[in-house]
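Could you put together the complete structure from these sequences and hints?
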Amino acid sequence: MSLLRLENVEKYYGSRSSLTKAVDDISFSVEKGEFTAIMGASGSGKTTLLNCISTIDRVTAGHIFLEDADITAIKGKELNKFRRDKLGFIFQDFNLMDTLTAYENIALALSIQKRSAKDIDKAVKNVAEQLGITDVLSKYPYQMSGGQKQRVASARAIVTEPKLVLADEPTGALDSKSAKMLLERFNYLNREHNATIIMVTHDSFTASYASRVLFIKDGKLFNEIIRGSDSRRQFFDKIINVVTLLGGDMSDAL
Amino acid sequence: MLFKISLSNIRKSIKDYAVYFFTLVLGVAVFYVFNAIETQTAFIRVNETQREIIKILTTAISGVSVFVAVVLGLLIVYASRFLMKRRNKEFALYMMMGMSKWKISALLLCETVIIGIGSLLVGLLIGTGLSQVMSAVVANLFEADMNDYRFTVSASAITKTILYFGIMYLVVMLRSGFVISKCRLITLMNSGKRSEKITMKNPWLCVVVFLISAAVLGWAYYTVGWDFAHLSLRKIGLSILAGSVSTFFIFWSVSGMLLRVIMSAKGVYHRGLNSFTFRQISSKINTTIASMTVICLMLFVTICTLSTAFTIRNSLNKGVEDNFPVDFYGCFSLHIHDSSDDSSYRTGDIDDVYAQQNMSIYDDFVEYHHFHDYIESNFTFDTFAGDRKDELTSGSMSIYSMMGFGISFLKLSDYNAIMELYGQNQIELGDGEYAVSANASGMPEMYDKLLESSPEITVFGNTLKPSSEKCIISSFYPDMQASNTGTIIVPDNAVSEEYRGVDYFVGNYNATDKKGREAAEQTARDNWNNVMHWFDSEAKYGYMCGIETRIEAANNAIGIGAVVTFLGLYIGFIFLVSCGAILALKELSESADSMARYTMLRKLGVEEKEISKSIFRQSGIFFLLPLLLACLHSYAGMRFAKIGLDLLVTENYVKPVIFTAIVLIAIYGGYFLLTFLGSKAITREQK
Chain A
1 MSLLRLENVE KYYGSRSSLT KAVDDISFSV EKGEFTAIMG ASGSGKTTLL NCISTIDRVT
61 AGHIFLEDAD ITAIKGKELN KFRRDKLGFI FQDFNLMDTL TAYENIALAL SIQKRSAKDI
121 DKAVKNVAEQ LGITDVLSKY PYQMSGGQKQ RVASARAIVT EPKLVLADEP TGALDSKSAK
181 MLLERFNYLN REHNATIIMV THDSFTASYA SRVLFIKDGK LFNEIIRGSD SRRQFFDKII
241 NVVTLLGGDM SDAL
Chain B
1001 MLFKISLSNI RKSIKDYAVY FFTLVLGVAV FYVFNAIETQ TAFIRVNETQ REIIKILTTA
1061 ISGVSVFVAV VLGLLIVYAS RFLMKRRNKE FALYMMMGMS KWKISALLLC ETVIIGIGSL
1121 LVGLLIGTGL SQVMSAVVAN LFEADMNDYR FTVSASAITK TILYFGIMYL VVMLRSGFVI
1181 SKCRLITLMN SGKRSEKITM KNPWLCVVVF LISAAVLGWA YYTVGWDFAH LSLRKIGLSI
1241 LAGSVSTFFI FWSVSGMLLR VIMSAKGVYH RGLNSFTFRQ ISSKINTTIA SMTVICLMLF
1301 VTICTLSTAF TIRNSLNKGV EDNFPVDFYG CFSLHIHDSS DDSSYRTGDI DDVYAQQNMS
1361 IYDDFVEYHH FHDYIESNFT FDTFAGDRKD ELTSGSMSIY SMMGFGISFL KLSDYNAIME
1421 LYGQNQIELG DGEYAVSANA SGMPEMYDKL LESSPEITVF GNTLKPSSEK CIISSFYPDM
1481 QASNTGTIIV PDNAVSEEYR GVDYFVGNYN ATDKKGREAA EQTARDNWNN VMHWFDSEAK
1541 YGYMCGIETR IEAANNAIGI GAVVTFLGLY IGFIFLVSCG AILALKELSE SADSMARYTM
1601 LRKLGVEEKE ISKSIFRQSG IFFLLPLLLA CLHSYAGMRF AKIGLDLLVT ENYVKPVIFT
1661 AIVLIAIYGG YFLLTFLGSK AITREQK
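Taken in order, these protein sequences are the chains called A and B. Read in this note's numbering, the first sequence has 239 at position 239, and its numbers run on one by one without any break. With the second sequence counted from 1, adding 1000 to any position gets you this note's numbering.
Incorrect hints may appear among the rest.
Facing chain A, a subset of chain B residues (Cβ under 10 Å, in silico) [stated by the list, open to error]:
1. Lys1201
2. Asn1202
3. Trp1204
4. Ala1265
5. Lys1266
6. Tyr1269
7. His1270
8. Asn1274
9. Thr1458
10. Ala1592
11. Ser1594
12. Met1600
13. Arg1602
14. Glu1608
Hints are computed from structural coordinates only; laboratory data are not their basis. These numbers come from a predicted model, not from an experiment. Idealized CB from N, CA, C, for every residue including glycine.
Okay, structure coming up:
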């Protein structure tokens, strides 16, 4: 059984006269413990797709199932609850609370689930160790580097042990060294904790850390490649090939 | 084009401007309503005294209006500066596109003019409506009839409002023009970048500062509210200064400690959104300590003003009811220079004066008593209290206890006749006994303590001892308030006529209804004035005379009460509106700045209910903190006011405090509600 299943998902913007098909009939499924990257040029609809999966945006047509529950049917207050309990988010611009310390930022995800203070402390320290941010726990976001911020954001996303972690261009605001470090952490979480990660990116290097890459062009699923037993380097070359195939508008994303 | 941009600017930032506009409208309306009282009351049929009082009221209001205009002016300048700061990015964009500073100034001018004219129009419209209600209130207050009522619009008040607010808006325009001409593009562009560092204050320093401030505040409270005996003008000033400064430091230290305390309670801090909520509150208080202090002090002044005004009004009305049991009271005395002691008012007979004009005062009254008191030179409160004076006066709230006033004597037969006339209890005295009568606030209790030791007194060559250990609560002369500081009643045979003091006459008119009493009063008053006028023209010595009537006292009480109430309400309204507006503007803009944070909370899956709760707590604590401290200040302030008001006030404080609370909740609470709902709406917006 797949963890996540998309069936003919469509998302339209605009009016009848000028319709934009941001997501045009996309279907795929993600197994538990998979690290999936979704690639596409800017404007290809990849972020819209992620927003639909995360219930931040509503689909126009089609269904999305998480563990056989149709999340497109969830309404109103239940949406917040669903996000809180089932999903973890990582954003390009970190989206950390600037008024809270790293510790408090991570703890917030647990405290809104009404966990006890003792549980919270244990979970936060545990996840901080895994992501190598124990020494910045008492710092505020403005005192941290971009890489550290993103790792704190990642810690916040996974500390609740969500069914699915959704990352939107997580390396977009990082330098290459920090990006590499973060992605290695993702791999670690994926391997050791069997975390299911869906990551949207336009960067081939970032995508090469995933176990599977989906390509989207003009709202449609264009191609899919699976890493299998390839080394990361080999996988990267394969991705580059597809990107070249995708054409001019994607080549700037090399 | 400029006009179009301004208009769309206003429409775009309507949420920011809504509170500003609402406050301006309220300010204009209140300003108009109070300044229109003169015109509004012109049609009411009132008598001369009342007309006189209305005149005093309107003069006082126009005086206070200048002060009010200054307060409102400061508020408007503050608010406009605040709103302008929020638009730095926008100005930067204009400048980047090549708009000249003049153009931007003109744009701002346009906006101010639109808002100014709009607020004046709406405010005057509402004000005109409200002032009709005001007419009814005034008429009701003076018990005047409203038959001649017609819808009135006060041209003078409109002119005045437009003039005052026009000047305020002009100042705002000049100021914003000046600010724009001074600013630099780079600072404007960088203004949005939040480089706000979160600095946690040293908690121990906070505790130390808090303790010191609390101690200083305690000293200030004690000085003005409890330690009356050593009060001086310098000390009052010092207490006010100490109070204001320590208010600032209390907010300073609380902002540092609050978070620490909550944080140390891990179970509480990491529950739901608490960590987020308290961080928000703490940073808010941190950046607004100065405004919080000003608001707290303004609330303090408002609470004191309002409750004192209500107290005075209530006790004035009740005072006349209780303390003026007859229709007419007159006193007359000649001023005799005695070679042996200080000059004093002695002898003189009202009957004599009337007789010399072939008139009799008795003709105008159906029941009356004519009497005089007796004076023993050098017998004052101090001699009466003797060694125990300090013991008796220390810790007393009564202002009278600080003065060594003279005590007069009354014959038992006179006293009983007067009490019969007043419908009050008569007393009995044995030979060689005396009794004490007093009713001024604090005095009966003091005499009770003194009489416990049954002190003997030696007056008029007799030695007397007290008949009872209790002071009689009464007064032989009527007054607007209980003001008898002490009269000693002695048996008729204990005094002789050589000691006679002031001559008194009290009586009731021969009339049953209101009209009859008014007519009788006119006659009695005219007669008295005529007789005294004649006496004055013939007078060889100094003399004193005076009358007071129940009708006049009642009118005065109503009038003074009305003046005090109106002024209190006027100042109170404006202060409350100012406080509410400043807090609301701050809180709303803070919410707008935190919009991204709320969006993130929603993405993380926080329930709406939790977010709403967090916003409620944030605004609630923000509004409550200055109010709490202001209430504490007010408690001491009211205790201080009480000694000053001892002369006037007998009423208890419960009712006025409730009235004050109602006014406070209506306005301040209204602003809080507006802020809470506004903040909720702002944070719910999708970007």
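Verification of the hints:
1. Lys1201: Since the shortest Cβ distance to chain A is 15 Å, the answer is violated.
2. Asn1202: 16 Å, violated
3. Trp1204: Violated: closest Cβ of chain A sits about 19 Å from Trp1204 of chain B, beyond 10 Å.
4. Ala1265: 9 Å, holds
5. Lys1266: 4 Å, holds
6. Tyr1269: 8 Å, holds
7. His1270: 5 Å, holds
8. Asn1274: Holds, because the Cβ-Cβ distance from Asn1274 of chain B to chain A comes to roughly 7 Å (cut-off 10 Å).
9. Thr1458: 80 Å, violated
10. Ala1592: Violated, about 15 Å.
11. Ser1594: 9 Å, holds
12. Met1600: Check passed: Cβ of Met1600 of chain B comes within 5 Å of chain A, closer than 10 Å.
13. Arg1602: 7 Å, holds
14. Glu1608: OK, holds: Glu1608 of chain B within 10 Å of chain A, min 7 Å.
Consistency with the previously given hints fails for numbers 1, 2, 3, 9, 10, ordered from lowest to highest.
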